[in-house]
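Visitor: Single-letter residue listing:
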Amino acid sequence: MKTGSRRMVKGVALIAIICLAAFGMFGCGQGEEKVVEKEVIKEVVKEVPKALEPLKLAVAGAHTGDLASYGIPSVRAAEILVEHVNATQGGVGGRKVILVTEDDACKPEMATNAATKLVGDDVDLVVGHICSGATKAALGIYKDSGIIAISPSATNPDLTQSGDYPNFFRTIASDDAQARLEVDFALDVLGLTKIAVLHDKGDYGKGLAEFAKKFLEESGKAEVVLYEGITPGGMDYSAVVQKINRSGAQAVIFGGYHPEASKIVMQMRKKDMDTIFISDDGVKDDTFIKVAGDYAEGVYATGPKDTSKNPLAVEADKLHKEKYGEDYGAFYLNAYSAVLALFNAVDKSGSTDYEAVSNALRNEYVATPLGIIKFDDRGDAIGVGFSVYQVQNGKYVELEG
Amino acid sequence: MDWGYFKELLMGGVVKGSIYALIALGYTMVYGIIELINFAHGEIYMIGAFTALIAAGVLTVAGFPAWSILILASAAAVVWSASYGYTVEKIAYKPLRGAPRLSPLISALGMSIFLQNYVLLAQTSNFMPFKNLFPEEGFLENISEVLSATEVIIVFTSAVVMILLSLFIKYSTTGKAMRATAQDRNMAMLVGVNVDKVISATFIIGSSLAAVGAVLIASNMGQINFYIGFIVGLKAFTAAVLGGIGSIPGAMLGGLVLGCTESFGTGYVSSDYEDVFAFTLLVLILIFRPAGLLGKSDIQKV
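Protein sequence lines correspond, in order, to chains E and B.
The opening position of the first sequence corresponds to residue 0 in numbering that gives the first Met the number 0, with each subsequent residue numbered one higher.
The opening position of the second sequence corresponds to residue 0 in numbering that gives the first Met the number 0, with each subsequent residue numbered one higher.
Derived by calculation from the structure, the hints in this document are not laboratory data.
Cβ atoms here follow ideal geometry from the backbone N, Cα and C, with glycine treated the same way.
Watch out, some of these pointers could steer you wrong.
Claimed, not checked - Computed from the model, here is a short list of chain E residues facing chain B with C-beta under 8 Å:
| id | residue |
| --- | --- |
| 1 | G228 |
| 2 | I229 |
| 3 | G232 |
| 4 | P258 |
| 5 | T286 |
| 6 | K289 |
| 7 | V290 |
| 8 | G292 |
Looking at chain E on its own, in the form it has when it is part of the complex (with noise of 0.2 Å):
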């Protein structure tokens, strides 16, 4: 009886030491933050006529986990610059703006949440989501809502072309048009009739590889000759290096990364032959070189355009550079241009409606450090794309034109 109850008080004890603890964790967790930031709002609405309210401009992505290095810069570009249009023009169309931000760590399920607390704190616009299977799991949530979300990185091709998320944008070009950009260089500039198709059965390489096949074959002017995946991470692939050499491929095109890429390249040229290699941006990287040496020369990879020179981008790096202290990150120049999109929408139509923004995102020009640039029928950026580079003596040079 006496250790019955004194197992009941241990249990009890027990008990209420995790209430505590959790309560205690979620008081200081996100609910106080969130008190806090409602109360600033509510102030705030006070002061000014409801028109007048304060634009709210939400970052979805990943901000936390092993993919955080690709949503972090777009925070930090958003940071950048509502700092800067609060302080230099009192906001956007005479908006003072806040910035919400959402962690979805990439992951669908988490991105889901992430877009419904959004639409529950009504915010105006959306810059996100990163990757594209959360951005995908986040769009109809905020196409319910009408409100238009701008990703600076999302670069799956049925986002847009789907023609399900008619609130959707992004300032990256899409796989596809990476693909096309291959093929195009392949018949036009290069005049090839013979072309190998490979890929390293990965969805990434596997989907720009389809792309190459369909549109090599819509075109009616080269022949695929081979298409097959390797394994990636093979000891050897000296049997496909074969097979292309007896399919009388002039040139290869490969979807996937610079480790199989360098592999089969050197195979290719330890083996005399002189086709030609031609891949994608998982190629364009200086490992690549770095691996394969001097077998590098000459290879083609497409990549996204260099912007670096653009003024606008220099300014972009410089304020990064002044309040962080370092270089910036992957698609910071991409989550800049899209936030500078949205704010130049805002102005230019006078309000955040959902269909005013998206005419003016469809209709008005917007100098941003990608170059001017407006967004198509179907959201892609117009003047956001890639180019061909090739490896010259050691570095990859971008190709005119």
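Go by the hints and put chain B onto chain E.
Guide: Frame of chain E; chain B shown alone:
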């Protein structure tokens, strides 16, 4: 039938198979002696490659001529891998020698993951360029369309190493002791064979072969990272099982059969199914010859 193409694929398969065979020997010898599948063997191979990379780098900076770099870097890889093989056995397997057979197996898996992460932390996960240690130019020009010079060297070196190993096992005292231990460990102990030494020797020899394989294949592929041992180890293990695990000629045959299957499967059907062919072959052989191609099925002692 296009014989030129067939010949090319056969050559490619033999090159690949020789490497598989070289590494499979390590699996099969260890299994023959202590009935352990040493899953850390692929990592020993990887360590051999890194040792050769570092040694070659240092020697190049010091200005040694090409051939001496090849010999010294290979020697460094062999010595370093052998010492890792020896140490791994002492740390991870020897204390478990009396334990149920599952324990050392788990220990081997643990060792494999440990070594991978150890190299990952020390060397980063990036691919590193591996300079070809063999001179390519001005050598065997006329056959370079079918086989590169490095590939000829791979086949040649593997063959020589395997012949030397066979002679060693057959005629040397250590080789005899190894065969005796493989047959019956207790009996060997009773007639005065130092079983501990024999086991250590097995690990040292197996690891040295893996290091030779590593130098050859890294020279051919031109790049290494911490993960290369995994796939090669898996394939070599498959080769050992194919040929009959525990049998030395079996490992060589298994390696060649596996290499050629992959090569022909890729060449005549599609590289999409390279691994499918390899493992279908394994399943088929295990169904019809459970002990592998050259393995002898044990008579269970009661």
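Visitor: Among the hints numbered above, which are violated by the structure, and what are their numbers in rising order?
Guide: No hint contradicted; all consistent.
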